[in-house]
Every structure is written in structure tokens, then in C-alpha cells.
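Line order of the protein sequences matches chains H and E. Under our numbering, the first residue of the first sequence carries the number 22, and numbering increases by one thereafter. Under our numbering, the first residue of the second sequence carries the number 7, and numbering increases by one thereafter.
Bear in mind the hints are in silico, worked out from the structure with no lab data behind them. Using N, Cα and C, we set each Cβ at its ideal position, and we do this for glycine too.
Residues from chain E that face chain H, not an exhaustive set, calculated with beta carbons under 8 Å: (1) PHE28; (2) SER89; (3) ALA93; (4) TYR95; (5) VAL100; (6) LEU113; (7) LEU114; (8) VAL118; (9) ALA124; (10) VAL126; (11) SER251; (12) VAL258.
The lines below spell out each chain.
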Amino acid sequence: MAGLGVARAVGFVAPALLLVGVFLVFPALWTLYIGVTDYQLTGPAAAAPSAVGLDNFAAVLDDALFTNSLWLTALFVLGSAVVGQNALGFALAWLLRRVRPWLRRTTEGLVLLAWILPGPVVAYLWFAVLSRDGGTLGLLLDDPTTAWLVQYPMVSLVVFNVWRGTAFSMLLYTSALAAVPPSQLETARLVGANGWQAVRDVVFPHIRGHVLTNTLLISLWTANDFTPFLLTAGGPNHESEVLPVLIYRQALEGGRLGYASAMSSLLLVGNLVVALVYLRLLRRRA
Amino acid sequence: MTPAWVVRRIGLYVLVAVVLAFFAVPVLWLASAPFDARPGLGLRWPDWTFANVATTFRHPYAVTSLVNSVLLCVVATAVTTVSAALAAYSLSRVRIPGRDALLYLLLLLSSVVTGTAAMVPIFVLMLQLGLIDSRFGTALVIAGGMLPAAIFILKDFVDSVPRSYEESARVFGASPGQVLGHVVLPVARPGVATILVWSFVNAWGNFLLPFLLLRDVGKQPAAVLLRTLQDEGGSADLAVIPVFSLLYSIPVVVLYLFVSKRYGFRFHGGIKS
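Please build the complete structure, drawing on both the sequences and the hints.
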């Protein structure tokens with residue numbers, strides 16, 4: 022027992038477990054419960070919600086707003102995380118090995134800065150870039166008439182999230198690339214492989230596990246990211262209403278707590294599946 | 007230096023330059039607009055002035071919200087670090103039945119139960135407890151969300167502290183609390199620093215939870231006030247928003263510089279949630 026009795030050991034763990042229990046486990050279970058009631062923020066169903074079984078889930082799956090949101094979320098995750106952050110993160114990790122150290126440090130520093138700045142600030146920075154009222158992109162393209170966030174909301178969100186989150190993939194791939202034996206790259210170069218062939222045949226087999234786990238993690242984060250609310254708030258006319266934004270608007274603006282919880286439950290299940298696959302992969306690697 | 011090599015080299019630098027511009031342009035506004043006499047949304051060389059800073063400090067809620075941010079973050083960070091350190095030490099040193107299952111569950115929870123997925127019950131819970139508009143309550147919710155990852159990362163660090171240190175301390179009559187405070191934590195200091203910084207940065211940028219749980223503008227942190235300022239729009243706020251964004255960003259940038267200088271920017275899988 023290493024001098025720490027079971028009683029004291031439990032006492033040490035207790036505060037953390039209490040907080041996790043009250044603010045994480047309990048809400049997760051309660052989501053499932055509220056999801057099968059007609060609970061409302063106001064009105065008679067607020068005081069005495071009644072169980073409605075799986076009605077909410079049936080209604081959710083039949084709701085055009087939900088299917089729209091599911092599709093937009095998939096687009097958001099696929100475009101900005103699976104493709105965007107992954108590709109740019111790897112490209113940066115791969116290319117920056119061969120540039121001068123000061124340039125490498127500057128680029129890495131800026132990419133990291135985009136990642137560590139508070140969400141509301143980066144959202145405002147991009148609002149300023151994309152705004153029609155003298156925004157930077159309009160000035161650069163000499164096009165003062167395009168309201169990017171209104172006319173191309175999903176493209177804007179995807180570009181924003183690539184900018185915001187690439188740092189993680191870059192860091193991960195930088196450390197993964199350090200584990201690729203230089204001798205193998207040298208051999209590839211000697212037999213005349215070009216850069217792309219070297220990546221495909223030499224590097225990729227070494228970092229396949231990293232690609233998979235990285236993709237799962239950034240997908241999970243992107244699907245649960247609330248920052249799109251700060252940029253477009255789901256608009257115009259639900260065109261960029263990804264799942265977190267839809268849940269918020271249904272629950273807090275529409276007051277339909279039960280209905281929104283059914284959506285949350287589906288998101289929780291989705292998260293759970295991705296996380297289980299992720300942990301299984303990690304375990305297999307270890 | 008074959009021509010092909012030169013072309014590839016130029017291509018490489020052009021590509022890096024484009025990426026550099028992509029990442030730099032949005033941030034540069036944060037350096038220019040706060041000190042511009044006529045600040046706009048677009049990036050331009052400023053007519054230097056410090057008048058906006060004074061305007062921002064006179065704003066009725068700007069300073070209050072930054073104080074609220076500090077309050078929220080200090081409480082959330084302290085609660086997270088202390089309870090995570092205690093739990094990590096205990097879980098690292100004692101075989102409580104079901105410990106491995108518990109750790110697995112914690113790891114799972116930290117990624118599955120996000121603020122977005124649990125916003126309805128968290129809001130209802132705090133509403134029924136009468137803790138809407140309680141900064142302390144909000145800080146506890148934020149801490150609860152950060153704890154699983156914090157415990158996990160800290161346990162890794164504590165695992166690497168040799169047990170012989172503790173045994174020597176115990177031979178000299180140190181209590182378990184003293185062993186933790188005077189032997190284990192000093193050795194695991196990089197881990198504790200990591201958790202301190204990580205939880206502070208996470209709590210500092212957290213928008214959703216304070217947005218849900220703090221409705222009184224006098225109690226809202228900077229994250230929420232920035233959103234309110236943006237919503238109100240109007241040209242007057244362009245004197246306030248840039249300076250305010252800068253003030254709000256400085257602590258995380260300073261912390262990041264401090265950490266990367268002191269400990270090197272160490273990489274922990276899944277550190278950002």
C-alpha cells in the first residue's frame with residue numbers, strides 16, 4: 022500500500038470523483054433521461070414533464086433541420102478536420118524540416134498562436150477578415166460586395182477551423198516524423214523516389230497509426246465545437262447550423278429541452294463510438 | 007544545384023510563404039487595430055494612438071469582465087489542479103479494486119461528455135440548484151469537465167517519480183500528506199505546471215459554459231462580453247473590441263511563452279479538449 026492506506030487513498034480520490042460525478046457523469050445520464058420526456062424551458066411541461074418514450078427520437082430523425090444539421094456537421098468534420106487539418110498539419114510537419122530554423126520557428130509559432138488564442142477572439146478575428154464592411158479579405162481581393170459569412174457560410178467555417186486547429190496535427194506529425202528512420206528516407210532518395218513516393222512508401226507505413234488516432238481525435242473535437250456559433254450562429258437560414266449550434270438553439274432559444282436532449286443523446290452515442298475506437302487503437306499500439 | 011532542385015526549392019518557399027500569410031493575416035489585426043485612431047475591420051497600417059486603450063478602460067463592463075475571467079479561471083484551475091493531483095497520486099500508488107477500469111472510464115469520459123453534448127442537463131442542474139449567475143458554481147462545472155484529462159496526464163507524471171524517494175521520506179517519519187507535498191509534487195513539478203497552464207488556458211477560453219450559466223452581464227467573463235460587444239455592433243465598439251481582444255489574449259500568450267521557454271512545448275496526446 023506504499024504507506025497510503027486504502028481509506029486515505031479513497032479520500033484523495035474522492036473530491037475529483039465527486040466533481041466528475043456531479044458535473045460529467047450525472048449530466049450525461051440525465052441527457053438520456055430528459056431525452057425521453059417532453060421537458061420544456063417554460064410552460065406547463067416545465068413544471069411537470071412527462072415521459073414520452075422514444076417519441077423525441079422518432080421526431081428528431083424525421084426533422085429536416087436535424088438531417089440538414091447532420092449533413093452540415095459531416096461536411097464540417099470532413100472538410101476541416103479529416104482533410105484540412107490533417108493534410109495541412111502533415112504538410113507543415115513534412116516541409117518545415119527543410120527550411121531555415123528561423124522560418125520554421127516563425128511558422129510554427131504562428132500556427133500555434135492560432136490554436137492557443139481564446140475561441141471568442143479568433144472568431145472575432147475571422148469575422149473581421151470575412152466581413153463585408155471593409156474586411157481584410159474584401160480589401161485584398163478588391164471586392165467590397167461579398168459578405169463571405171453570409172454567402173459562403175460553410176466554406177468560411179471550414180477555412181476558419183483549418184486555421185484554428187491545424188497546430189495539433191502539425192505537432193503530432195512532427196513528433197511522428199521524428200521516429201521515421203532517416204536511413205530509409207535516404208535509401209528512397211537514392212533509388213530515385215520523388216517526395217510524394219517517399220511519403221507514400223516510406224513515411225506513411227511508419228505513421229499510419231498516428232494518422233488514424235489523430236483523425237479520430239480532431240473529428241471528435243470538431244463535431245463538438247461550439248465556435249461556429251460565434252461566427253455564423255447557424256445562419257443564414259440554417260445554412261451553417263452544425264449539430265452543437267442546433268442543440269443550443271433548440272434548447273435555449275426554442276425552450277424544447279427534451280427534444281434537444283434527444284439530439285444530445287445521439288451526439289453522445291456518436292462520441293462514444295469514436296472514443297471507443299480511438300482507445301482500442303491506442304491500446305493496440307501500446 | 008540542378009535546375010529541378012532550384013525550382014523545388016523556390017516552390018517550397020512560396021508554399022511556406024502562402025501558409026505563413028494565411029496564419030499571420032487574421033492575427034495581425036490584433037496588433038494594429040487596437041492602436042489605430044480610426045480602427046476598421048480591415049487590416050491596415052494604423053494612425054498610432056493609445057486613446058482606444060483609455061476608452062476600453064472606461065467601458066462599464068470591460069474591466070469587470072476581465073476580473074470575472076480571472077476569478078473563474080483561478081477557481082477552476084485551483085480546483086482542477088489540487089483534486090487532480092490528489093487523485094493522480096492515489097491512483098498511481100495504491101491498487102484500489104477496479105482502478106484500471108476507473109482510469110479507462112475517466113479517459114472515455116474526458117472525450118465523450120463534452121460541454122456541447124451535455125449543455126441541457128448542465129443548464130437544468132444549475133437552474134434547479136439556483137446556481138445560475140454564480141461564478142463559483144460555473145467554475146466548478148468547468149473544473150469538472152477538465153478533471154478526467156488532468157488526472158490522466160498527471161498520473162503519467164507521478165508514475166515516473168521513483169518510489170524510493172517516498173520510502174526514504176517515510177523512514178524519516180513523514181506523513182502521507184508531507185510525502186505528497188514535499189517529495190512527490192516537487193519532483194513531478196513539470197506535470198503540475200502543465201496542468202496549471204493547460205487548465206487555465208482552457209478555462210480562460212471557455213465560452214459555452216459561462217454563456218449558458220452566467221446571464222448577468224456584471225458577472226460574465228471576457229469570453230462572453232466579447233460576444234455581446236460584437237452583437238451590439240456599431241462603430242463606437244470598434245474602439246473597444248480590438249483593445250479588449252488584445253487584453254483578453256495576453257495572459258494565454260504570456261503563459262504559452264513561459265511554458266515553451268521553461269519546459270519546452272511538450273506534447274501530450276489529447277491535451278486540448
